[in-house]
Amino acid sequence: MNAPTRERFDCVVIGSGINGLAAAATLARAERRVLVLEASEQLGGTAAGEEFHPGYRTVGVHHDAALLRPLVTRSLDLERHGLVLRRSPAPTVLAGGDGARLVLHADADRTREEIAAHSRRDAESYGAWRAQLGRFRPIVERLLDAPPSDPFEADFAELGTLAKTGLALRLLGGRDMTEFLRILPMSLADWLGGWFETDLLAAGIAAGGLEGTWMGPRSEGSVFTWFAHEQSRGPEAVGGPAAVARALLAAARASGVECRTEAEVRRVCVEDGGVRGVELAGGQHLACGAVAAACGPRRALLDLLPPTALEPRHADAAGSIRCRGGIAKLDVALSGPLELAGHGGPAVERVCTAEGLEALERAFDALKYRRASERPWLDVRVPSHADPTLAPDGHHVLSILVHNAPADLAGGWDDERRAELTGRALDTLTAHAPTLPERVVATRCTTPDQLAERHRLDGGHLYQAERALDQALFLRPNADCGRYATPVGGLFLCGSGSHPPGPASGAAGLLAARAMLAARQG
Amino acid sequence: MARPYDAIIIGGGHNGLICAATLARAGRRVLVLERRHVLGGAAVSEEVFEGFTFSVCSYVVSLLRPWIIRDLDLARHGLRILPLDCSFSPLPDGRSLARWGDPERTRREIAAFSPADAEVYGEYGRTMMQMGRIVKPLIDAPAPRPTSLNPARLVEILGHARRLQALPRSLRTRFLQMMTMSAADFLDLWFESDVLKAPMSVSGIIGTYQGVRSPGTAYVLLHHYMGEIDGAFRAWGLAQGGTGAVSLAIAAAARAAGCEIRTEAPVERVLVRGGTARGVVLAGGEELYARTVVSGVDPRLTFLGLVGAEHLPAELCERMRHFKLRGSSGKVNLALDHLPEFTSRPGIGPHMHGDVAIAPSIEYLERAFDDAKYGEPSRRPYINVVIPSLSDPSVAPPGKHVMSCFVQYAPYHVNGGAETWPERRAAFGDTVLETLEEYMPGLTSAVLHRQVLTPWDLEQEFGLSEGNIFHGELSLDQLAFLRPAPGWAHYQTPVAGLWMCASGTHPGGGLMGAPGALAARAMLAEGSL
Ligand SMILES: Cc1cc2nc3c(=O)[nH]c(=O)nc-3n(C[C@H](O)[C@H](O)[C@H](O)COP(=O)(O)OP(=O)(O)OC[C@H]3O[C@@H](n4cnc5c(N)ncnc54)[C@H](O)[C@@H]3O)c2cc1C
Ligand SMILES: Cc1cc2nc3c(=O)[nH]c(=O)nc-3n(C[C@H](O)[C@H](O)[C@H](O)COP(=O)(O)OP(=O)(O)OC[C@H]3O[C@@H](n4cnc5c(N)ncnc54)[C@H](O)[C@@H]3O)c2cc1C
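Taken in sequence, the protein lines are chains A and B.
Read left to right, the first sequence gives residues 1 to 522 (the numbering used here).
Read left to right, the second sequence gives residues 523 to 1051 (the numbering used here).
FYI, nobody ran anything at the bench for these hints, they're computed from the structure.
The beta-carbon is built from N, C-alpha and C at its ideal position, and this holds for glycine as well.
Any given hint could be a false lead.
What the hints assert, rightly or not - If the Cβ cut is set under 10 Å, some of the chain A residues that face chain B in the computed set are:
no., residue
1, Glu79
2, Arg80
3, Glu179
4, Leu436
5, Ala472
6, Asp480
Construct the entire structure; sequences and hints are all you get.
Printed below as a string of structure tokens:
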């Protein structure tokens, strides 16, 4: 081993994604000396924008910037550090078969009018449905914004928090409380099917809840992931995820965080059951008392720790964390805007092509047999409307999540199969936007195997660990590490593989940092 | 007007009969009304073809609560359970796996596929047993009431929580995983061999419209693991004389306590006056009166069929319309001239005395489900076979055999509509035989008679709405305090004097008996009876 250098940090954060930066900023604000190490050449993790074709940029691997928790924005003063939020996000166009269209607006009344064109009954149900969600939301947000506690091992303070959540639940009234408990473990198809008869509407609503899961709308438990996703939605960051990353970086730097790129951590050094430092791929050794790993939990626990650091049962439990990537990313450069046939009105910024619940389910089926969906459904964004700097004048970029494509495709991925997937995705979109083919300047398809490699995502999975009931709350990513601490003293998990699950909320980083500070190891 | 009964029980299924017997033994005047000509509901034996007695629906006894066997003294009333010692799974490639009562023998069999799996198999069984012990008090008592502010109820819930808390953390984690994972994912935590995992995973899907990869199915694994006969966990058995013998023993216990039982007495509706159940009206128009009416049929049939929406809160009716029934299973019963052998393990050996699972891989099972998901019977279904005549010669003529095949998936809501099932019945039977023929050549030509029951038939003949074998799916949103509906999970209904006692109530379906017994206890405790 190299001789230790004189550099010493209180805490090293591995990975500079939204959560890594949120953790770093939170620790630095509490006067800790923090170093962020990022393996790739730019900061921001999956939120780092990049040029995918000369003159055309992405807003990050991911594109939905409405999932950043207000808790993080507030706690880290992100608006002061350049974050601009838009309170009413762009409407989503649901594009169904045979030219059917339904636009979901942030405003419930406008949405209701849209729905009424399909079904009067659904328009009425929609009001009641939204009202019920509104009543549930404070409870969901309470869960998202607090460190998860294991009710069976809670200390006095945690019992207090749990009791408060229990009370809030109870205060909903017996009927709402029972309803909430009843629907959480249900499938989206059963839940939404009970409310709405318009398949396009049910599918459009369901789609978000399936992201980062290994489920179809018929899978039980998908309602739970839907709540965790859709009810964490808030104001949208202008400029997309990349803008969120920039603001976080500014906040972190303002508090004295140091960041290094092309600094891949190869080893977390452990002595006597506690973290002593990290070793970089180049061989350099950095001493620190604590490590916050914002990379995936499997990587942190199985690849970065020395093999003997974890007892076999903990290693087994880490090996059982499920993170089967199932989504491909498609970036498209366009010479003009995306125009949907039969859709007038303002420029289209979001399209979802889930025609119906069965289409979602069939797309998922393919994953089980290690195939890419024959008829993928797409979550399409056009970020270049809000941020015209992403493309040359008058030109646009599309950011598309293609559902579903397995990381472990039977026979493996190669360029031919990527081209085939790209073709299928563009065909799907062309069916709704006939002018698309003539406007395509360039495409870049990133399949889950590439996400795993380029972005160092465990299993090529969006959220470092699947979202599922059994990988949620204090069981996320598993029971050993469900509250950010790991079996190794000083090593904490702080990426999206920890609670709150998945989306780029920054809350996992923030809550993990707070847990570290509470444990006085930050 | 005849003197009213203390209680009239609608339906002579095993739960109705257990409820009746329990009430009668407490000195109540009880009448059971069964629509069919035989008692037992889905737990019935019938001589469908001369000399051949089929356990027409339910075929193995494993869930029946031992305390019920004791309380009703069923052994004295003729019940004999013949243990099944083996679970056999033949594979299409000529290999096979048999799991035996003898752990050492099982270990050797599994080791042929995976030495690692052979090592953890015992551990898995012990873990499931420990978890069974956690759940047991939940299924042997009324459902907890999380919304109640009554201190006694809170103490009850704390009691359940404390049992969980007392567990070592690793086991508690397993428990929570089991409550939420898919059967396939859950088994992945232990095992690597598909040959082992596939037949183990199927108990997670029995009676559900879910696949082995659907989250929530791991819990059902336990439901089936809890089978205990006379206290022995994971014991499977056949009732001597067929499953109907269980129902007949219960009926005998009921009659011995003075209970009156009428068959071929279909109830047309429950008499409700002034919001209170007063009795029932039979199909012929006969009216019978009772202080309490107890429904032993499924919740949808009870509320929407026999009571009627006009007597019920709109919310409950809506809930019942969305109550998840959607049956997914069928049954094929065969009368055989002789018994063919399995290619993968020749000879009529002890491996055929247990249950045989056609479940060669997780993918096979998942594909079977995918067919059903889109409204078709599985092209290659999961089949669970037992051959009761090997252990119980009384059910077939000498030298001949009966073979019971439980089949999944056969979706009730088949493309074209459930009412098209009669036209699909023969093809469904053929699929089952063709599938089995691949493992057991010569089977088709050995068939003397066959009885094919589709989910449609289960509904028409046995009164199971949508052919659901458990009176409602055993999914988390339909269990415990949510079964059959929030607010009505303790056997009572919005109609005063009307109670429920069958599989659609806590703790759910299967030949378990707990709903019937717990309902009777609740009625007696409530004091109006
Ligand atoms: C295709 C795709 C689409 C998505 N869509 C959305 C969306 O629409 N909305 C949404 O909110 N979320 C979306 N997400 C998820 C979102 O990107 C993540 O939840 C979030 O960015 C996670 O941030 P993080 O900080 O936890 O981790 P990441 O952003 O994954 O950052 C981890 C960082 O750690 C670095 N790293 C890994 N190993 C090492 C090492 N050994 N040494 C040093 N550095 C290392 C990686 O290079 C990476 O930069 C999507 C993700 C993907 C991949
Ligand atoms: C094909 C099949 C295989 C199964 N295999 C097994 C197994 O191997 N092991 C196991 O544990 N469980 C098994 N089950 C499940 C188990 O048999 C049932 O869950 C259980 O028997 C239901 O008992 P019950 O008393 O609650 O209701 P039921 O048995 O359904 O009884 C209801 C009774 O009400 C009667 N009825 C209906 N309508 C009226 C009316 N209007 N008037 C009067 N009477 C009426 C019916 O005829 C029936 O007798 C199986 C079920 C089926 C269908």
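To see whether the hints hold, each was checked on the structure:
For A:Glu79, the suggested interface contact is broken, since its CB lies about 38 Å from the closest CB of chain B, more than 10 Å. Because the beta carbon of A:Arg80 sits about 41 Å from the nearest beta carbon in chain B, more than 10 Å, this interface hint is broken. The beta carbon of A:Glu179 comes within 7 Å of a beta carbon in chain B, closer than 10 Å, and the hint placing it at the interface holds. With 10 Å as the threshold, the beta carbon of A:Leu436 stays out of range of chain B, its nearest partner Cβ sitting at about 30 Å, so the hint is violated.
Given the 10 Å rule on beta carbons, the hint for A:Ala472 holds: about 8 Å separates it from the nearest Cβ of chain B. Using the Cβ-Cβ criterion of 10 Å, the hint placing A:Asp480 at the interface with chain B is satisfied: the shortest such distance is roughly 8 Å.
When held up to the earlier numbered hints, the structure conflicts with 1, 2, 4 and fits the remainder.
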